[in-house]
Amino acid sequence: MKPVPVLWLIWPLLAVLGLFFAALLRFADTSLLQQIPGTAMFEGPRSLGNYADTFASPLARKALWDTLVMSLQITGAAIVLGYPLAYLMARSPSKFLRNAIFFVLIVTFLSGGITRAYAWMLVLGNNGPVNGLLREFGLPTVRMVNNRTGVVLSIVHFVLPFFVLTLLGAIRNIPASLEEAARSHGASRWAAFRDVTLPLSVPGLVSASLLAFTLAISSFLFPLLLGGGRVQMFANLIYDKIQSSFDMPAASAMAMIFLVFALLPILALNLIRGSLSRRFGGTRR
Amino acid sequence: MSSRPYSPLLTFAAALVLMFLVVPTLVILYSSVSPSARVQFPPEAVTLKWFGNFFENSQFRDALVNSLLVTALVTPLTLAIAVPCSLAIVRRRFPGRGLLSALALSPLAVPGVVIGVAFLNFFAWTGIDSGFWKIAFALVVITLPFAIRALVATLEGLDLALEEAARNLGASRFQTFLTVTLPQLRSGMLAGGIFVFVEAIDNFSTVVFLTDMRTNVLSVQAYSYIRDFNDPTVSAMAAILILQSVVLVFLLQRFAGFEKVIGGK
Amino acid sequence: MQHVPDIAAQERATALRISGLKKSFGSTLAVKGVSLDLAEGGILALLGPSGCGKTTILRMIAGFAEPDSGTIALNGRDITRLAPEKRNAAMVFQSYALFPHMTVAENVGYGLKIRRVSRSERETRIWDALKLVRLDQFARRYPSELSGGQQQRTALARAIATRPDLLLLDEPFGALDQNLREAMQIELRKLQESLGLATVIVTHDQQEAMILADRIAVVNDGRIEQLSPPAELYDHPRTRFVAEFMGVENILDAVLAPGSLTVAGSTIALDRPPAGARPGRDGPCQIALRAEAVTLGDPGIGGIGGTIGYRTNLGGRVLYEVSLSDGQMVKVSEARAPDLPTRPVGQKVSVVPGGITVLEPAA
Ligand SMILES: Nc1ncnc2c1ncn2[C@@H]1O[C@H](COP(=O)(O)OP(=O)(O)OP(=O)(O)O)[C@@H](O)[C@H]1O
Ligand SMILES: [Mg+2]
Numbered sequence: 001m002k003p004v005p006v007l008w009l010i011w012p013l014l015a016v017l018g019l020f021f022a023a024l025l026r027f028a029d030t031s032l033l034q035q036i037p038g039t040a041m042f043e044g045p046r047s048l049g050n051y052a053d054t055f056a057s058p059l060a061r062k063a064l065w066d067t068l069v070m071s072l073q074i075t076g077a078a079i080v081l082g083y084p085l086a087y088l089m090a091r092s093p094s095k096f097l098r099n100a101i102f103f104v105l106i107v108t109f110l111s112g113g114i115t116r117a118y119a120w121m122l123v124l125g126n127n128g129p130v131n132g133l134l135r136e137f138g139l140p141t142v143r144m145v146n147n148r149t150g151v152v153l154s155i156v157h158f159v160l161p162f163f164v165l166t167l168l169g170a171i172r173n174i175p176a177s178l179e180e181a182a183r184s185h186g187a188s189r190w191a192a193f194r195d196v197t198l199p200l201s202v203p204g205l206v207s208a209s210l211l212a213f214t215l216a217i218s219s220f221l222f223p224l225l226l227g228g229g230r231v232q233m234f235a236n237l238i239y240d241k242i243q244s245s246f247d248m249p250a251a252s253a254m255a256m257i258f259l260v261f262a263l264l265p266i267l268a269l270n271l272i273r274g275s276l277s278r279r280f281g282g283t284r285r
Numbered sequence: 286m287s288s289r290p291y292s293p294l295l296t297f298a299a300a301l302v303l304m305f306l307v308v309p310t311l312v313i314l315y316s317s318v319s320p321s322a323r324v325q326f327p328p329e330a331v332t333l334k335w336f337g338n339f340f341e342n343s344q345f346r347d348a349l350v351n352s353l354l355v356t357a358l359v360t361p362l363t364l365a366i367a368v369p370c371s372l373a374i375v376r377r378r379f380p381g382r383g384l385l386s387a388l389a390l391s392p393l394a395v396p397g398v399v400i401g402v403a404f405l406n407f408f409a410w411t412g413i414d415s416g417f418w419k420i421a422f423a424l425v426v427i428t429l430p431f432a433i434r435a436l437v438a439t440l441e442g443l444d445l446a447l448e449e450a451a452r453n454l455g456a457s458r459f460q461t462f463l464t465v466t467l468p469q470l471r472s473g474m475l476a477g478g479i480f481v482f483v484e485a486i487d488n489f490s491t492v493v494f495l496t497d498m499r500t501n502v503l504s505v506q507a508y509s510y511i512r513d514f515n516d517p518t519v520s521a522m523a524a525i526l527i528l529q530s531v532v533l534v535f536l537l538q539r540f541a542g543f544e545k546v547i548g549g550k
Numbered sequence: 551m552q553h554v555p556d557i558a559a560q561e562r563a564t565a566l567r568i569s570g571l572k573k574s575f576g577s578t579l580a581v582k583g584v585s586l587d588l589a590e591g592g593i594l595a596l597l598g599p600s601g602c603g604k605t606t607i608l609r610m611i612a613g614f615a616e617p618d619s620g621t622i623a624l625n626g627r628d629i630t631r632l633a634p635e636k637r638n639a640a641m642v643f644q645s646y647a648l649f650p651h652m653t654v655a656e657n658v659g660y661g662l663k664i665r666r667v668s669r670s671e672r673e674t675r676i677w678d679a680l681k682l683v684r685l686d687q688f689a690r691r692y693p694s695e696l697s698g699g700q701q702q703r704t705a706l707a708r709a710i711a712t713r714p715d716l717l718l719l720d721e722p723f724g725a726l727d728q729n730l731r732e733a734m735q736i737e738l739r740k741l742q743e744s745l746g747l748a749t750v751i752v753t754h755d756q757q758e759a760m761i762l763a764d765r766i767a768v769v770n771d772g773r774i775e776q777l778s779p780p781a782e783l784y785d786h787p788r789t790r791f792v793a794e795f796m797g798v799e800n801i802l803d804a805v806l807a808p809g810s811l812t813v814a815g816s817t818i819a820l821d822r823p824p825a826g827a828r829p830g831r832d833g834p835c836q837i838a839l840r841a842e843a844v845t846l847g848d849p850g851i852g853g854i855g856g857t858i859g860y861r862t863n864l865g866g867r868v869l870y871e872v873s874l875s876d877g878q879m880v881k882v883s884e885a886r887a888p889d890l891p892t893r894p895v896g897q898k899v900s901v902v903p904g905g906i907t908v909l910e911p912a913a
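Residue numbers (this note's numbering), protein chains in the order written: chain D, 1 to 285; chain F, 286 to 550; chain X, 551 to 913.
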């Protein structure tokens, strides 16, 4: 008996991907057209006018810049907060501690975006526990919603479990005996980490950071709820465009630009991946 | 202690980060049973009225029903597509295999809003007008990469010798698949299935473009409610979702083991 | 377990002294009170079956596990609770634990770099260490580009490059094939002798322990059952466990009396007390007999009477299984030559034991 032909196995996937890319193509095409004023319809001739308009708009340029800056800040915060957690989880001899961290991470992760966005509205709100505590001690309250603080904080919280779980796998694949070997040859705890585990975790750190950046740059719900209209990330701008004018060609052009920016780091990474694995890879055992 | 590979400072830092992670969840749970929108301590009283509100509000009820229906369709459908193609990606050698696996994961890299706008435009063009089917199809596209990732990771960890042993003992290819391969895929399917399920309930950025008057879903309804009202009904909904995720975590631990999930994520 | 002084230690200073070491993991007692001494330049093997606690002892010496009680002293300095990097005890791991992102030379130089040895001095010492293990050709390679034996030698070079006070090896040859393993064992022994490096090696292979060590500690269930030079361990195991672990073929029930030993109804006269016999401890006991130390004679010459039950030709030797009158069985191994007749199955014989060792009664 012959094995099932590969095509039988993959045709459903091909169908789904086919429709997905058809939608993306149609949408790329739409971005070249013009809205018929006052309707949701659009027509030719094809031009790059919508792209030019987007880049000419100060609002769009600012949103794009802000989105990039915030995504980098969020990625940085995820690295600073997430690395110690992932490291401890990978290396702790206490099964209880490992499971506890994992439980917190995965419950946070699985409880979803809406839940957490709303939770942060409650926590950071002017009537929330943080400001409540400050008031209790007679300190001035801090505005944390409807500004960048709240948006960045909530996205960091959203991204962190993804980051930690991705990095965790990478750190766990580095045998603990390597660090022990370093220590038995005279390296302090810190030196062993710096010389051995840190460099070996770089590929994992890069993919986890990339994931964090991708998630951060696509954020939509968090700026929507915690930005109070004052913090515009690029996704929100696209949404507003559709809500306010139903200008599909303009929105498509903006979304195309956005897509390129979101894919840029992934493409960049693929370019340097070879040299990365040459320098840090080769973990055979 | 000298033999620990980490320092007290690290433990302390990790504890702070853990607190940062749990605080919002605790506040939600707290708020869902507190009488007013104001989160204050000590609590004035404990009430379940927001849960009552949630289930009595017809918009929330309809949205919940729609979300559950969509999920009930999307979760098995996504797995049914993911299992054979993961098998092909891991076990078969065919031209374009690398490209196929890259394309299968590509929706992960596309921002949800972009997918939403693209499908909005595409469905308008093709004339598909059912909110339910639009949402279901978009969710399949979005969740497929999660399922494929989990399954590919599980498949790559399997020992081929087991299947060879089954064939050697007289099982056909198909019998071997059913009796040896599939049971070993259980943990991958569970992990993948849970990610699909959660994403299908929770997705907002794509689905918000595809809902209509007749078909609202939970995430979008929650957003409208938060925008228009200021009471903890959404906390009640969130508390239900948190409890659901705790149940899912125990399922995962029981049937797949935490360790597997990490590999499969 | 009484404290066994190292005979050599009376001439040489003690490098490592362990006393009363205990360690538990949760409710498992992994190490139950271990004491031993290692002289400067000596090499000690911790030998025992899987799970007996060898690795745990070694990890406590290295500082990767903290003892519940007991002390460890290296060159007179108490290191029991010292951080691993401050002990100057270099370890060779079973998996080698070579840093995959460093070349062979960088691996070997790691400990020197950490100790801030100057670059030129470092180069020389890396070179010396690599020459010692005959890896100077491979300095610029990465560990993933080496064979198993070369990786093993790299790990060894890395450990000796810092000139540690103590060399620790955990099953260092476990991953090598038989031929390579034997070659490496001899190489290690020569290296260790020429450097005069106090060494502790963990192994479950008695052959390996015999080749490498000048003293062997047999570990059973978290305790040292016997600590002796290899030959003594081989000839005179003290307990049944050690005897079985050292591959003694015959352990027989016997009755010991002053000047005689009775096995299966036959009494043999002894001109001096057998090894392991203690004054005042006569009566029923167990004795260990190596098959090659036993000879067969015709009935009536004054051995233990029995019948040949089975015979196997092993090239240069013949192995007989002799049934005794009480149902016990004795294995006897005799040299075979073309012109020497072998005994047929069923023949009545007399078993003449040699190298009798009386075992300590089980605790
Ligand atoms: N980290 C640990 N946690 C719990 N139990 C442990 C731990 N390390 C060792 N043990 C237990 O302690 C006992 C001794 O283990 P150890 O690793 O020292 O054995 P070993 O003699 O080196 O065995 P092997 O020859 O198989 O390597 C075993 O019962 C083992 O299960
Ligand atoms: Mg061991």
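No wet-lab data here; the hints were simulated from the structure. There may be inaccurate statements among the hints.
To be verified - Quick list of simulated restraints, FRET-style, between CB atoms:
#1 F:Val308 <-> D:Trp8: 49 to 57 Å
#2 D:Gly228 <-> X:Gln644: 56 to 64 Å
#3 D:Val80 <-> F:Leu454: 21 to 29 Å
#4 F:Phe305 <-> X:Lys636: 41 to 49 Å
#5 D:Leu198 <-> F:Leu454: 32 to 40 Å
#6 F:Leu454 <-> X:Phe575: 38 to 46 Å
#7 X:Arg665 <-> D:Leu198: 38 to 46 Å
#8 F:Leu393 <-> X:Pro599: 17 to 25 Å
#9 F:Phe297 <-> D:Leu267: 37 to 45 Å
#10 F:Pro361 <-> D:Gly44: 19 to 27 Å
#11 F:Pro361 <-> D:Asn99: 43 to 51 Å
#12 X:Val805 <-> D:Asn99: 36 to 44 Å
#13 X:Ala781 <-> F:Ala456: 34 to 42 Å
#14 X:Ala725 <-> F:Asn453: 28 to 36 Å
Model, not experiment: these values are computed from the prediction. No residue lacks a Cβ here, since even glycine has one placed at the ideal position from N, Cα and C.
Quick one: are D:Leu198 and F:Leu454 within 32 to 40 Å, going by C-beta? violated, 48 Å
D:Val80 versus F:Leu454 beta-carbon gap, inside 21 to 29 Å or not: violated, 54 Å
Honestly, do X:Ala725 and F:Asn453 meet the 28 to 36 Å range at C-beta? holds, 29 Å
Does the hinted range 19 to 27 Å hold for F:Pro361 and D:Gly44 at CB? Cβ of F:Pro361 to Cβ of D:Gly44: about 43 Å, so the range 19 to 27 Å is violated.
Should the hint that F:Pro361 and D:Asn99 are 43 to 51 Å apart at their CB atoms be regarded as holding? Given about 30 Å between the Cβ atoms, the range is violated.
Is 49 to 57 Å right for how far apart the beta carbons of F:Val308 and D:Trp8 are? holds, 50 Å
The hint says 17 to 25 Å between F:Leu393 and X:Pro599; measuring C-beta to C-beta, is that right? Roughly 50 Å apart at Cβ, these two residues miss the hinted range, so it is violated.
Status of the given 38 to 46 Å range, CB of D:Leu198 versus CB of X:Arg665: Cβ of X:Arg665 to Cβ of D:Leu198: about 20 Å, so the range 38 to 46 Å is violated.
Range hint 41 to 49 Å (beta carbons of F:Phe305 and X:Lys636) holds or violated: 35 Å Cβ-Cβ, so the 41 to 49 Å window is violated.
D:Gly228 and X:Gln644, beta-carbon distance inside 56 to 64 Å? holds, 59 Å
Holds or violated: 38 to 46 Å for the Cβ distance of F:Leu454 and X:Phe575? holds, 40 Å
How does the Cβ-Cβ distance of F:Phe297 and D:Leu267 compare with 37 to 45 Å: does it lie in that range? The hinted range 37 to 45 Å holds for F:Phe297 and D:Leu267, with Cβ atoms some 39 Å apart.
The structure fails to meet hints 3, 4, 5, 7, 8, 10, 11, 12 and 13 from the earlier list, while all remaining hints are met.
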